[in-house]
Amino acid sequence: MSPRGNARDFGRLLLGHFRRCRDGKLQDVVTEALRDDEGGRAWMIGALNSTIRFRRELAYALRLEPRRLRTKLAFPAAVPARPRPLSLLCPTRNRVDGLAEFLRSVQRTAAAPGRIEVLCYVDEDDPALPGYRELFGGVRQRRGPLGRCALRVGPPIGVAAAWNRLAAEATGEFLLMANDDQLYVDHGWDAALDRRAGELAALHEDSVLCLYFDAAQYPGDGRDFPIVSRAWYETLGYFVPTIFQQWEVEQWVFDLAERLGRLYPVSGIFVEHRHYQDYKAPFDETYQRHRMTREKSFADHALFLRTGRERAAEAAKLAARIARGRQSAPETGARVGEEAAVRGRRHYRALIDELHADGQREAAMECAELAVRQGLWSSPLHRPVEYRRDLPVRADHDAADFWFTAHLAGRHEAIAAEVRAAPVDPAGAPVLLYRDGAWTAAAAALPITTGVLDGIPEALVFPGATVELWQLRPPVRLPPSCGPSNAFLRVEFGIAVPAESGIRIGGKTGSWPEGGCLIFDDGLERERWHRGAEPAVVLSFRVPRPGQSASDSTSAGHAVEAGR
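Throughout the sequence shown, residue numbering follows my numbering, covering 1 to 564 in sequence.
Calculated from the structure, these hints are not laboratory results.
Computed from a predicted structure; not experimentally measured.
Among these hints, one or two may not hold up.
[Said to hold, decoys possible] Have a look at the derived ranges for each label pair, beta carbon to beta carbon:
| # | residue 1 | residue 2 | range |
| --- | --- | --- | --- |
| 1 | His273 | Ala444 | 49 to 55 Å |
| 2 | Gly114 | Leu62 | 28 to 34 Å |
| 3 | Arg373 | Ala202 | 28 to 34 Å |
| 4 | Arg70 | Arg373 | 50 to 56 Å |
| 5 | Arg104 | Ser378 | 53 to 59 Å |
| 6 | Ala400 | Thr440 | 28 to 34 Å |
| 7 | Ala215 | Thr242 | 28 to 34 Å |
| 8 | Pro66 | Tyr238 | 37 to 43 Å |
| 9 | Arg309 | Arg373 | 14 to 20 Å |
| 10 | Pro145 | Gly359 | 50 to 56 Å |
| 11 | Arg309 | Ala414 | 44 to 50 Å |
| 12 | Arg63 | Asp125 | 34 to 40 Å |
| 13 | Gly455 | Leu305 | 49 to 55 Å |
| 14 | Arg104 | Thr242 | 27 to 33 Å |
Glycine included, C-beta positions come from ideal geometry on N, C-alpha and C.
Take the sequences, apply the hints, and build the full model.
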């Protein structure tokens with residue numbers, strides 16, 4: 001490249017010190033310069049790194065060290081008598097100085113450093129291996145109060161596999177992802193993790209947890225460096241997946257936690273990530289070896305998007321562990337066992353619904369069958385969250401046994417005419433007419449329909465009662481779903497039922513009788529479709545089972561989910 005081109009690129013690299021000037025193309029300029037052995041551009045990286053080192057030292061002196069001192073002065077002296085052991089897992093390559101700074105930051109900021117073990121993995125072909133051996137040879141003298149510090153040397157297996165190798169040796173109750181470009185800044189971060197873990201243990205006796213330090217340092221919903229409990233690790237059998245080059249391993253962990261509703265921040269704790277993309281660390285050979293190209297990041301992200309089924313399956317393993325709960329806890333007894341089962345069924349239901357929505361029917365069935373093997377349900381096609389095993393399962397109750405079916409049939413023509421004249425949702429979404437004990441704004445356009453339903457107290461008087469109007473606009477096939485409780489029956493009244501519209505209830509396939517009702521166990525899986533010409537319209541609501549009062553059938557959980 002010409003001298004003018006080199007000068008232009010160097011100017012662009014210097015502008016990277018300003019956040020608004022950093023983009024993917026800037027990363028490409030760095031990559032090309034690092035790989036240009038003969039083009040006379042290597043000087044640019046050396047000069048740029050000098051400016052980055054100066055910036056880093058300035059940030060440490062003016063921002064990080066004052067924060068550390070401030071948090072140390074504010075930290076209360078009391079530390080739990082038996083603090084949880086913690087394991088920091090840190091692969092490293094050709095960064096002896098960076099690892100030394102990391103170890104020093106851990107030792108200086110931990111409230112109880114003796115309970116912390118730091119495990120590091122170094123490739124056997126690392127040119128800095130002698131420096132690492134020297135560092136760990138004197139680590140006890142340099143980092144005295146820390147617990148075990150161990151160096152493991154092995155073949156170059158990649159960062160993710162190295163994390164897993166270290167996790168297999170870890171002894172802590174929590175496993176913390178670490179890196180040689182991290183600095184722990186806030187004093188007492190370990191005590192804050194202790195407190196948060198204690199709070200969550202009171203809520204989740206299964207201890208399946210994923211956390212992260214959060215001091216609002218990441219924009220949006222950003223987060224970094226997952227922390228997982230031993231129960232999480234032992235359930236999956238690995239710390240991070242090894243199918244990625246590196247970019248998406250953390251996102252995998254966080255995604256599983258979000259699917260389970262088990263992702264929690266440790267708020268207010270700041271951990272500095274000296275990432276090259278933020279101009280907080282020099283652009284060195286290690287970054288180029290593991291992370292440097294946008295092509296790698298694009299490939300990893302594309303692979304992540306293709307692994308939805310695999311992530312759902314892994315989340316299902318954790319959901320099964322959650323469902324089992326801590327069955328050995330004598331002080332909680334059957335109440336906690338049932339509470340844990342409800343949580344497990346809720347997690348499984350969310351996972352199965354997500355798989356169905358994604359069109360992954362086989363994976364959804366495998367997930368449901370796994371839940372059956374765990375004892376949460378008796379059938380993969382019958383999945384209510386609130387599940388009573390003593391109640392019979394029927395997909396075809398006789399409509400003549402319910403007085404209100406004749407009441408609906410007698411007003412069918414008037415209801416159908418009113419619905420035809422009412423506004424239609426172009427997206428075909430169900431219209432919610434009744435919820436929280438009152439008719440919705442949408443119901444105002446249907447006074448005849450609401451008047452008829454006002455005459456059916458069984459449909460409206462219990463907590464969590466809902467009424468929905470389904471308008472199936474062809475062609476459509478809705479994902480299978482189940483209702484929230486088998487203590488209720490689902491009633492579906494066929495207002496307009498053209499040819500080629502239908503419903504599967506459990507293993508039984510059929511259609512709605514126009515002007516009549518289908519009545520079935522609300523916990524059964526149902527799947528609706530329509531391949532005809534004109535829209536199909538169905539009115540849907542729940543009633544308690546015969547012989548049960550509304551109060552017998554309801555619980556607090558019904559008020560928050562009506563089911564489909």
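Practice task
Look at the Cβ atoms of Ala215 and Thr242 and judge whether their distance stays inside 28 to 34 Å.
Solution key: 30 Å, holds
Problem - Status of the given 28 to 34 Å range, CB of Ala202 versus CB of Arg373 - result: 29 Å, holds
Handout entry: Outcome for the supplied range 28 to 34 Å, where the beta carbon pair is Ala400 and Thr440
Key = 31 Å, holds
Problem - Supplied distance hint 50 to 56 Å, evaluated on CB atoms of Arg70 and Arg373 - result: 53 Å, holds
Exercise for the section: Starting from the hint 37 to 43 Å, judge whether the C-beta atoms of Pro66 and Tyr238 obey it. Expected result: 39 Å, holds
Exercise for the section: Using the Cβ atoms, figure out if Pro145 sits within 50 to 56 Å of Gly359. Expected result: 54 Å, holds
Problem - Distance restraint hint 34 to 40 Å, applied to the beta-carbon atoms of Arg63 and Asp125 - result: 37 Å, holds
Handout entry: Consistency of beta-carbon spacing, Ala414 to Arg309, with hint 44 to 50 Å
Key = 47 Å, holds
Practice task
Given the range 28 to 34 Å, decide if the beta-carbon distance of Gly114 to Leu62 lies inside it.
Solution key: 32 Å, holds
Exercise for the section: Indicate whether the distance between the beta carbons of Arg309 and Arg373 respects the range 14 to 20 Å. Expected result: Check passed, 19 Å falls within 14 to 20 Å.
Handout entry: Outcome for the supplied range 53 to 59 Å, where the beta carbon pair is Arg104 and Ser378
Key = 57 Å, holds
Handout entry: Arg104 versus Thr242 beta-carbon gap, inside 27 to 33 Å or not
Key = 30 Å, holds
Every hint, counting from the list given before, is met by this structure.
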